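A.B. asks: Using the sequences plus the hints, can you model the full thing?
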Amino acid sequence: MLDLDKLNKISTPDTIWRKDATYRQENRDWLQKSAKVALIVLRALKDQSINQKDLAELMGVKPQQVNKIVKGKENLTLETICKLENALNVKIAEINIPFTTEFVVESIPTKKQDIKHISTIIPFKYPIYDFELTESICDFRDAV
Amino acid sequence: MELITIFADLLYSVKFNKKGDHEFVKIFNQWQDPEMLFDFFETNKRDLNSGFFGKITVEEAVMITIDDANYLEDLLLFCSKNGGKSALDIFFKNDLYDNPKITELVPKKGYGKRKRSWLRLYAIELSKECYVVTGGAIKLTRTLQERAHTKKELMKIEKCIDFLKENGIYNNKGVIETIEIQ
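So the sequence lines, in the order shown, correspond to chains A and B. To convert, note that position 132 of the first sequence is 132 in the working numbering; the numbers rise steadily by one, no gaps. Quick note, the working numbering runs 144 ahead of the 1-based positions in the second sequence.
Keep in mind that a hint or two might mislead.
To be verified - Label-pair distances were calculated between CB atoms; the ranges are:
hint	chain 1	residue 1	chain 2	residue 2	range
1	B	Thr149	A	Ile97	23 to 33 Å
2	A	Ile97	B	Thr287	25 to 35 Å
3	B	Arg190	A	Lys9	27 to 37 Å
Unchecked claim - Covered, in the sense of this in silico footprint (three residues per stretch, anywhere, with C-beta under 8 Å from a C-beta of chain A), are these stretches of chain B:
hint	stretch
4	151–162
5	177–186
6	203–213
7	216–226
8	269–277
9	299–313
Derived from the structure by calculation, the hints contain no laboratory data. Here the structure is a predicted model, which means the values were calculated and not measured. Backbone N, C-alpha and C define an ideal beta-carbon position, used for all residues, glycine too.
C.D. replies: Okay, here's the thing in C-alpha cells:
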C-alpha cells in the first residue's frame, strides 16, 4: 500500500515551476513572438558564422541581452528589433498600415528656432482594392 | 537525490543534483527555450526528417515543441488549481511497451495534444492518482535506447526507483511502474 505520509515526509514543496508556468501562461502572446525572433536570429548567426558576442558588439549591447533574445525571453523594443535587422541584414518585423497613400509631411522652419510640421495631402488617391470597401471608408472617399 | 512535491499526494518531481533545478523545472524550461531547441533539432535533423514526422524544418519543429509544451504545462497548471486527478490519469494512461517482460517495472505511456508528438514525460506510477516525474525528452526515434539523450532517461528512472525503494515507498500493488506520456 502506498504510504502518502511517508512520501510527503521525504519531499519538499516546489517553489519554482508553478511560478514559471504561470508567468509563461500569462505572457504567452509576446513570448511566442519573441521565440520566433530568436529563431530568425539563431538562423542568421548560424548561416553567417557569427557568435552571440560578435552580434552584441555589432548592435552595441551587452552579450547578456543577446543571450536573452536567443532564449526568447526578451520583450523586444522597436529599437532593438531595428538594431538586430541592421546587424544581421535580416527582416524581422514589418508593420503594415491599412493603405498606402501619397501622404507627405513637410517641415517648414519658422523665423523662430522651433520647427512646425504641417501635413499636406497632395493629391489624395485611393489604392485599388480587390475587395469591397467598408462603409466608413466609402463615406470618407465620397467626402474627399 | 531529493523528491519535490508539485501537487501534494498527486504529482512529484525529482531533483538529482543538490545544486540544480528539479526535473519538472528543467523539462519545461528546455522545451520552451528556442536556443536549446534550435541546437537540438539541428543536431538531430536526420531523425527529424526520417519520414515519421513528415517534411519539417528546424524552425517549425521548435515552434511545434513550444506549442506542445504549453499545452502540457496548461494541463498541469489546471490540475494544480482544480485538483485534476482525472486529468492526470488521462495524461498517464497507456502501457509503454506492448508486452512488458518484467512485472516489477511496467512502463506506460499516454497521449498528448498532437497525434505524433515527440515530447515525452517519464514518470513512475505509485498509484492510479500519484506519479513521480523522473524526466522528459524529445523522442524522435522508435526506442529510447537508440539515442544517448533518451537512453539517459531510462537510467534516471532506474535511479529514482532505487531511491523510492530505499525509502520504503511502494505503490498500491507493491511494485513500481514507470510511465511515458506523449
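A.B. asks: Go check the stretch 203–213 of chain B versus chain A for me, would you? Three or more residues, Cβ under 8 Å, otherwise it fails.
C.D. replies: Since three or more residues must qualify, the claim that chain A covers the stretch 203–213 of chain B holds, with 4 doing so at under 8 Å.
A.B. asks: Go ahead and decide if the range 25 to 35 Å is satisfied by the Cβ distance of Ile97 of chain A to Thr287 of chain B.
C.D. replies: Since the Cβ atoms of Ile97 of chain A and Thr287 of chain B sit about 53 Å apart, the hinted range of 25 to 35 Å is violated.
A.B. asks: Has the stretch 216–226 of chain B got at least three residues whose CB is nearer than 8 Å to a CB belonging to chain A?
C.D. replies: holds (count 5)
A.B. asks: Within the stretch 177–186 of chain B, is the number of residues with a Cβ closer than 8 Å to a Cβ of chain A three or more?
C.D. replies: Coverage by chain A holds here, the residue count being 5 at a Cβ distance below 8 Å.
A.B. asks: Confirm or reject the coverage of the stretch 151–162 of chain B by chain A under the rule of 3 or more residues with a beta carbon closer than 8 Å to the chain's beta carbons.
C.D. replies: holds (count 4)
A.B. asks: Confirm or reject the coverage of the stretch 269–277 of chain B by chain A under the rule of 3 or more residues with a beta carbon closer than 8 Å to the chain's beta carbons.
C.D. replies: It holds: at least three residues are needed, and the stretch 269–277 of chain B offers 3 whose Cβ sits within less than 8 Å of chain A.
A.B. asks: Against the range 23 to 33 Å, how does the distance between the Cβ atoms of Thr149 of chain B and Ile97 of chain A compare: consistent or not?
C.D. replies: violated (52 Å)
A.B. asks: Taking 8 Å as the C-beta cutoff, is the stated coverage of the stretch 299–313 of chain B by chain A satisfied by three or more residues?
C.D. replies: holds (count 3)
A.B. asks: Cβ-Cβ distance between Arg190 of chain B and Lys9 of chain A: within 27 to 37 Å?
C.D. replies: violated (47 Å)
The structure shown violates the earlier hints numbered 1, 2 and 3.
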